[in-house]
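Peer 1: Each chain is listed here by its residues.
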Amino acid sequence: MLSKIGILSTLISTILSFLLVYQSFSEVKSKNNIISKKFYYLSFYQLLFIIFSFLILLFGYIFSDFSLINVYENSHTTKPLFYKITGTWGNHEGSLLLWINIMVLFSFLFLVYKKNTEKKFKLFTLIFQNILILFFLIFLLTNSNPFSEIYPAPSQGMGLNPILQDPALGIHPPLLYLGFVSSSIYFSAALASLICRLEANVFAKFIKLWVVISWSFQTLGILVGSIWAYYELGWGGYWFWDPVENSSLMPWFLMTALFHSLLVLEKKNGLYAWVLILSILTFIMSVTGTFLVRSGILNSVHTFANDPSRGLFILIFLAFMISMSLIILFKYFPNEKNNFLFLSKESFVLFNNWFMIFFLTVVLIGTLYPLFLEVLSKEKVSVGPAYYNIVLAPFIVPFLFLMSYGPQSKWFSSKLVDVKKMFFIILLSFSLVFIFANFEKDSSFITTLILVFSIYLILQSFLDLYTSIKNNSFNLSRSISHLGFGMLIFFISTNNILSTESNFNLKVGETKKLTNYSIKFNNLKILKEKNYETLVGNFLITDIKNYKEENLKPEIRVYNQPKIVTYESSIKSKILSDTYLTMSNLAGSEFYSIRFQTKPFMNLIWISVLIISAGGFLRILRRENK
Amino acid sequence: MRKFLFFLTFFGTLSIIIVFYLGLKTEKIYSTKDLIGKPISEVNLDLLNTDGSFNTSELKNNNFTLINFWASWCGPCRKEHKYLIELSKNDNIKILGVNFKDNKLKANKFLNKLGNPYFLIAKDDSGKKSIDFGVYGIPESILIDKNLVIIQKYIGPINKKDVKYIFNAIGS
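The listed protein sequences derive, respectively, from chains A and B. For the record, in the first sequence the residue sitting at position 269 is 268 according to numbering that gives the first Met the number 0, with numbers rising by one throughout. For the record, in the second sequence the residue sitting at position 100 is 99 according to numbering that gives the first Met the number 0, with numbers rising by one throughout.
The following block holds chain A by itself, in its conformation from the complex (with noise of 0.2 Å):
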């Protein structure tokens, strides 16, 4: 029964995204300068309709209805019902709906978006983001249908992978969903811009918003994910340069690239060009994305299921995609000249997109090279966080400092900052390091410099901030965002400098003494959970240095469907610093093999990456505000 409603629902999706693009060629030859109502109608009932096929999902998810396929090989009735809803989209075929509510929610609110304004550019737009829709409702109903029927309904289920059995797992896929597969309305936008030859900063004025909007919400959920990752992985770090964590980092490089060349189209009408390329970039890196960690090419967590399949079919919408935008980028390419003025506001902007196309580009050697090599050649390697770190570091230390000056220059002006208030700043921040720093690691010549710098970004950040507010001025998204990203990059630094780490084994009722810890093993305990049975460890930690004590209590669990074990760390966490313990069995012995981690700052790091987006949500409520 739901899936016939399901399929039927989507069907009628698919024939209305199929109407909004047949109607819109005929409607763009229309001489009339008003949007006709249809439009809007059949862009509602569009979105009311894969609504409704998701919540058809999701009903089928909360109440076990395992005659669904996609229900009986991803819940069971034990479950938790948060883990019911959120087992929705832990999965290629649901989150593949949700993709498809997302193109369609942004399809609406782009057609609706400043109303009766530049018809044409809308309609064409429309036509785009339906064509891209369309695509993939057949990918949908064709290979991977959320809906498939199993009879005779099996009366329970296989269960959701425990490791996606996480709040921060319920909660990522949607963000970063928002994040990057909205960014596929400035990729229509921009082919329609082109087609239409709209006016650049016409342009730039309508896809601003959208571009804030991916961003901030993409920026939310990489932390989402790395938070996760420290919690769940349970190996102490949060960022691994796995290919799929690189997958979402990409496209926010892009976006912030592009948001940031925005403000000089608006202002000046320069980097036409840039910006569309930009925009159109962003989405089929995005589809990149999905593609490496859909097709099962590259082993990791979210490879749902290895089916070549479906990764043929987002390969060959990559490549139309692709040749799509490139035809039209090449026939409709606009003229332009730039002149810019160095050290004007506007050559910052521009700085800004040499380095995000700069760490694009190392990322994406990085992730992609493994995989040409042993395509081409049979050879089998694996690029590890060394090379990210020796390749990005030194180019951190300059990208810091243009971040702190680039925002005091002025538009079309080439006049120097105040140099010495400059000087000053630097030279504070160098003598507040060598004050505090006593690293126990010895720590190299560019991580002082990169703290020199965060430190002079954050500062600089604070005087932003300060001037603007006394200046009544309400901009202060830039000098937010700014002061997170000089934070995160700090917390970084001095979490990687401070954070230790020892392993050994213990049994039950030792002791082991570390310089200035004690690590006790108290006890173990056998509980029985809903959907898991579980061994505790009891840990008594005591801080040598301060006096402090406090209970460490990891678990070993094992989950009944499907049966899968997981180690999870036992973590405290506390503004300055967390202490971080995982123990794992030994086979046949009454040692346990522990690993007692410290990690300074982490809490911050986490806030850091807050205030980053924060600043781009303020920008969104205050443009609403307007």
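Honestly, the hints are just simulated from the structure, not real lab data. Each hint should be verified, as a subset may be incorrect.
Stated by the list, open to error - Estimated spans, in silico, between C-beta atoms of each pair:
(1) B:F3 to A:S413: 18 to 24 Å
(2) A:S588 to B:V18: 43 to 49 Å
(3) A:Y21 to B:I130: 55 to 61 Å
(4) A:S376 to B:P38: 28 to 34 Å
(5) B:F3 to A:P393: 32 to 38 Å
(6) B:I130 to A:F58: 51 to 57 Å
(7) B:D131 to A:S501: 49 to 55 Å
(8) B:K160 to A:L363: 34 to 40 Å
(9) B:N167 to A:P384: 45 to 51 Å
(10) B:K24 to A:F357: 45 to 51 Å
(11) A:L140 to B:N91: 40 to 46 Å
What the hints assert, rightly or not - Here are the simulated lysine-lysine pairs, DSS-like style, with alpha carbons at most 30 Å apart:
(12) A:K529 to B:K105
(13) B:K81 to A:K529
(14) A:K377 to A:K330
All C-beta atoms in this analysis are idealised placements derived from N, C-alpha and C, irrespective of residue type, glycine included.
Following the hints, put chain B in place on chain A, whose structure we already have.
Peer 2: Same frame as chain A, but now just chain B:
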């Protein structure tokens, strides 16, 4: 100039897409298929329904053996079961079932319902013995000959094509 740039980007992206396509076709997953041609290790396994155990060296008595790792809780095992039944009708091959991290009652219920293709059922309650066979998930099956040498490994459920291959390999 513009044309040149167009073709440059066009062929550039085309070559990337071709590499992606080739990448799709190569096996990326960690595979224990390298074990083909090597003999299986000798392992003692407890039996599921009776006390006592069984050593894999005893499989030398069979012309060909398919060692199948399964459990009642595993959905794909249900899918492949009919093919195992089909294979079990051939005298040249015997199927050894290794019941993986399962419950005895549920396992027997599964076989009563779907049929029993196995000439012998061993168990691996902890999942540790299976590691000796290079098995890291189920269903998985290993085809071996009289000398206990691995002819083929099947990761995931067996399908129609595999049955055909097995019949060919065992010469019937």
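Peer 1: If you check the beta carbons of L140 (chain A) and N91 (chain B), does the distance land in 40 to 46 Å?
Peer 2: holds (45 Å)
Peer 1: Should the hint that F3 (chain B) and P393 (chain A) are 32 to 38 Å apart at their CB atoms be regarded as holding?
Peer 2: holds (34 Å)
Peer 1: Would you say the C-beta atoms of S376 (chain A) and P38 (chain B) sit inside 28 to 34 Å of each other?
Peer 2: holds (32 Å)
Peer 1: Starting from the hint 45 to 51 Å, judge whether the C-beta atoms of N167 (chain B) and P384 (chain A) obey it.
Peer 2: Roughly 48 Å apart at Cβ, these two residues keep to the hinted range, so it holds.
Peer 1: Run the distance test for K529 (chain A) versus K105 (chain B): straight-line Cα separation, threshold 30 Å.
Peer 2: Holds, at roughly 20 Å.
Peer 1: Measuring from beta carbon to beta carbon, are I130 (chain B) and F58 (chain A) in 51 to 57 Å?
Peer 2: violated (41 Å)
Peer 1: State, for the Cβ atoms of Y21 (chain A) and I130 (chain B), whether the hinted interval 55 to 61 Å holds or is violated.
Peer 2: Check passed, 58 Å falls within 55 to 61 Å.
Peer 1: Could you say whether the range 34 to 40 Å given as a hint is met by the Cβ separation of K160 (chain B) and L363 (chain A)?
Peer 2: Given range 34 to 40 Å: holds, Cβ gap about 38 Å.
Peer 1: Could you tell me whether the CB distance from D131 (chain B) to S501 (chain A) stays inside 49 to 55 Å?
Peer 2: violated (32 Å)
Peer 1: Do K24 (chain B) and F357 (chain A) keep their Cβ atoms within the hinted range of 45 to 51 Å?
Peer 2: violated (33 Å)
Peer 1: Is it true that the C-beta distance of F3 (chain B) to S413 (chain A) lies inside 18 to 24 Å, as the hint says?
Peer 2: violated (34 Å)
Peer 1: Next pair to validate is K81 (chain B) with K529 (chain A); report whether the Cα-Cα distance is within 30 Å.
Peer 2: Outside the cut-off at roughly 33 Å; violated.
Comparing the model with each numbered hint stated earlier shows that hints 1, 6, 7, 10, 13, 14 do not hold.
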